[in-house]
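Take a look at the letters that make up each chain.
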Amino acid sequence: MVTVASVQVVLLRWRSNVFKAEASVCPAWSVKLLCVCVCVCVCVHRNWLAITHSLPVSRWYYENTSEWTLDYPPLFAWFELGLSQVARRFDANMLQVENLNYASPATVLFQRLSVIVTDVVFIYAARECCRCVREPKGSRDVLSRPSFVLAVLLLWNFGLLVVDHIHFQYNGFLFGFLLLSVAKHLQSQHLQGALLFAFLLNLKHIYLYVAPAYGVYLLRSYCFAQDNKDGSVRWSSFSPLRLLALGAIVTSVCALSFGPFIAMGQLPQVLSRLFPFKRGLCHAYWAPNIWALYNVLDKSLAVLGVRLKLLEEAELPPASMTGGLVQEFEHSVLPSVTPAVTLVCTLLSILPAVASIWLRPHGAQGFLRCLLLCALGCFMFGWHVHEKAILIAILPLSILAVESREDAGIFLILTTTGHYSLFPLLFTPAELPIKVVLMLMFTIFSFTALRKLHSAQGSLLHPLEVIYLLGLVAVAIACEVVFPLSPWQQRLPFLPLLVTSVYCAMGVCYAFLRLYASLLLRREEKPKQL
Amino acid sequence: MQTWSLVSICVLLAIIARWGVSLNSYSGAGKPPMFGDYEAQRHWQEVTYNLPIQEWYFNTTNNDLNYWGLDYPPLTAYHSWICAYIAKTINPEWVELHKSRGYESTQHKLFMRMTVLVADLLIYIPAVVLYCLYLTDGSSKKKVSIMFCFLLYPGLILIDYGHFQYNGVSLGFALWGILALGLGWDVLGSMAFSLALNYKQMELYHALPFFCYLLGKCIKTGLIGRGLFLLVRIGVTVLATFALCWLPFLAEPSQAMQVVRRIFPVARGLFEDKVANTWCSLNTLIKIKSILSGDSQLYLSLACTLLAVLPSCIRLLTKPTFWHFKLALVNSSLAFFLFSFQVHEKSILLAALPACLLLNDLPLMALWFLQASTFSMLPLFLKDGLLVPYIVTSLGFLFFSIYLLSALDHCSEDKLRLGAYNKLFYWLPKMDLAFIVRWKFYISIAAMVGLSIATAVLIPPPHLPDLFPVLVSTTAFLHFLGTFIHFNVVQFSEPPSRKSQKKSN
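Going line by line, the protein sequences match chains A and B.
Going by the working numbering, the residue at position 123 of the first sequence is 438; the numbering climbs one at a time, nothing skipped.
Going by the working numbering, the residue at position 471 of the second sequence is 604; the numbering climbs one at a time, nothing skipped.
No lab work stands behind these hints: they were computed from the structure.
There may be inaccurate statements among the hints.
[Unchecked claim] Straight-line C-alpha distance at most 16 Å; calculated EDC-like pairs for lysine to aspartate or glutamate:
#1 B:Lys274 / A:Asp456
#2 A:Lys767 / A:Asp456
#3 B:Lys275 / A:Asp456
#4 B:Lys556 / B:Glu627
#5 B:Lys516 / B:Asp170
#6 B:Lys548 / B:Asp565
[To be verified] To give an idea of the chain B side of the interface with chain A (calculated C-beta under 10 Å), a few residues:
#7 Leu139
#8 Ile149
#9 Ser155
Nothing here was measured: the structure is a model prediction, and the numbers come from that model.
All C-beta atoms, glycine included, are put in the ideal place defined by N, C-alpha and C.
With these hints in hand, go ahead and build the complete structure from the sequences.
So, in structure tokens, the structure goes:
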């Protein structure tokens with residue numbers, strides 16, 4: 316017994332060492348990226364700092380001096396208010412609302428440092444997730460230990476690094492909450508998980524994508540304390556106390572966040588800022604989802620129709636959809652898509668997943684799978700989806716990928732395509748080496764580490780999938796190297812964006828379908844204990 | 134995980150570190166009229182592209198040698214010429230004669246940084262990878278760790294990608310030479326080293342160990358017979374390589390003489406700025422520059438340098454093994470740095486390269502010296518606005534090298550090769566030397582951190598404007614002197630491990 320215990324202690328030390336390594340790596344090198352261009356998003360957050368710092372609360376959601384109005388939920392505004400207290404010591408000028416596009420070195424330094432410091436939440440969450448992973452018996456090389464692989468997959472995630480430390484956002488902080496709440500559910504501490512998720516929703520409402528999974532899972536597996544023998548719900552085991560506790564947690568967090576605005580009667584204004592349906596179906600750079608494919612189909616039908624003289628070119632609406640602007644546009648051949656349609660599509664797409672965990676909850680792992688499907692379903696069919704939203708699916712999928720071979724295959728396809736679709740976010744030549752090298756690094760690591768991890772169960776990818784992924788290299792070379800040098804650069808400046816999102820959309824769709832299949836067609840097996 | 138994926142991940146990380154640093158400012162950015170090394174390199178492109186080869190090293194109406202005249206050997210000039218051709222196709226304004234002086238733009242910066250990266254990818258990085266895979270021992274994970282620390286050495290990254298120079302090229306050629314010698318390909322090795330010498334004359338710091346190692350090897354195999362044959366082959370290779378590099382300048386003796394005069398500017402004085410060598414440090418006590426004439430300064434430094442190099446070279450001559458070769462490289466380059474004439478603070482990179490080779494055998498000492506060498510260039514980095522990259526890369530390197538090489542776990546007396554000290558100081562009571570060394574390491578790191586912060590934050594008192602640079606250079610000098618003595622002692626003590634001898638052939 317003693318030897319086993321001591322081995323465990325050594326392993327724990329090792330792991331914590333590994334963590335120290337990772338933890339320090341992540342912030343350390345992102346500092347290096349400090350110098351990377353000051354892009355749009357720095358201005359967004361600087362403006363929010365200024366709004367929350369210098370205006371009374373009642374003006375926060377009415378202020379519109381800058382085009383970057385406050386469109387996150389109130390808790391995030393409170394967070395910005397806290398940050399602005401520190402920002403004052405760096406450069407007080409950045410806290411003035413009128414200083415549009417203000418970016419002194421001290422401001423940029425402060426903003427970058429704030430992202431790096433708040434990343435601590437993410438690192439802690441990654442640590443908690445790694446503790447939920449089953450460790451195979453016997454001491455093995457640290458590099459092929461699932462917890463280590465998971466730590467690297469999470470902390471070195473290409474998308475997160477790019478979006479947070481180059482493009483500038485606070486996603487690491489937010490995903491920290493999401494992963495932490497997932498980890499708490501995996502550890503069966505449901506109330507903590509619910510609390511964290513309530514906080515998260517009030518920090519950024521995009522996480523509504525995965526709210527159905529949370530709601531149904533908590534209701535089904537927490538409020539109903541017991542199952543029948545065959546896994547269906549036992550109605551008599553309903554515990555009102557647990558439901559009350561959950562309700563109290565959620566309401567109190569929402570009250571904390573929205574309370575002042577409800578008291579001032581500003582709720583409609585806040586909600587109109589949070590859900591701007593005036594924006595178009597697709598974001599400026601098309602996210603790789605169904606609507607990207609739909610748009611392309613529409614466009615090609617239009618072109619075909621003109622060629623075959625079935626349509627009059629004059630009758631068509633001006634081709635503004637790849638204009639790179641956030642605006643509404645009309646489809647020319649296929650029916651136009653309204654927000655209501657996307658809502659129905661989204662709900663239909665996540666319904667089977669939600670129903671499945673209601674009928675047969677496969678423990679916390681089933682919940683995780685359902686969460687992924689909700690995230691991906693919303694990504695595929697949502698209104699005005701940003702390509703960054705793919706990270707909501709990629710990060711939790713990392714946990715499943717180190718556990719089973721099937722999921723590892725899906726993970727590889729989804730991450731590679733999803734990450735590649737983020738390439739257009741970084742468009743200056745100076746960023747080209749960084750994005751290519753970072754992406755290569757993450758991809759090489761995920762392929763080799765996951766293959767090693769599941770080496771006993773055969774290959775991870777079908778040859779056709781390999782060919783598809785290799786095609787991505789060709790697309791990358793064509794879009795990044797060949798196209799800028801070709802004469803089409805002038806005539807069709809948005810062609811690379813279109814090709815990128817269409818090619819990636821196929822991969823994301825495929826991963827979505829495979830993930831669905833893995834949830835619905837799963838053999839009845841004992842719920843895995845994580 | 135397979136070695137290849139680990140290697141590629143490490144190389145990619147090293148590239149990211151390099152590119153991250155390169156997004157920062159460079160030397161002389163926006164500082165007319167002379168600008169800095171960045172402008173020097175750009176100016177060389179302008180000169181080599183527009184002027185005939187006979188005019189490159191001469192002061193003519195079109196070539197003002199006082200404005201960043203070429204003062205490196207021909208290979209540097211050829212490199213500039215190739216870069217200039219590429220620059221011309223992208224944007225002719227970048228290399229236009231006279232008009233392009235002081236040209237600065239983001240695109241041009243990107244181009245210049247890219248040329249450094251390309252040169253590094255072609256020469257330096259492959260040499261490091263091959264060296265670590267073939268000439269270090271241990272498990273493949275250990276090899277990869279060494280390689281990672283080697284590639285992340287902050288001094289070289291900051292000078293090449295921040296300050297702006299092409300040290301990676303000359304150091305890379307030298308490393309190819311070392312690699313070939315380690316693998317037993319002496320002729321190829323001497324050719325690679327000749328190329329290094331023809332890229333930067335500072336590579337002379339490494340020349341004596343190369344010479345002694347090859348000569349010692351020839352003597353060992355027998356000067357009559359195979360050894361002589363080898364010697365002749367090496368000699369012919371070196372001469373041929375030099376002749377090839379100098380071909381355009383050999384037509385007229387005056388041409389060649391002018392190049393030599395440009396390369397060795399003896400008129401510049403014993404030292405410039407605040408450099409962490411003996412003369413500059415001594416200067417705080419005795420004003421040597423005013424006491425001695427220029428010529429006697431030159432002879433004094435020459436004599437001191439030779440005296441300092443001699444022991445390790447003689448040792449290498451009698452024992453030409455690869456282990457002694459590596460040590461002699463450190464010792465010789467440090468001796469040159471500490472005692473020779475007209476040393477620049479960037480020349481410490483020449484001692485840092487062989488110190489990196491010792492990361493496997495003497496991890497603590499090597500990384501201690503490497504850290505001190507980066508620290509010694511702090512005033513330069515501050516001048517170039519590279520404070521943030523300096524902090525980040527130094528911390529990263531310190532962390533990785535201590536963690537990956539577990540430098541602080543392996544510091545028994547045997548591992549640190551301290552046996553010789555016990556013999557030297559037999560008359561003292563026996564002490565735990567490893568313990569002392571470890572504490573010295575902590576104290577010295579603390580001192581470096583403290584001085585770095587002080588230099589960056591505090592304003593010196595008005596009557597002592599150079600207080601911090603002098604303190605930095607003196608501290609660094611003490612480190613270098615200590616390292617120099619230590620590595621000499623190690624070289625003269627018996628190599629205790631079997632591994633290092635097994636590798637030598």
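Which numbered hints turn out to be false for this structure?
-> none
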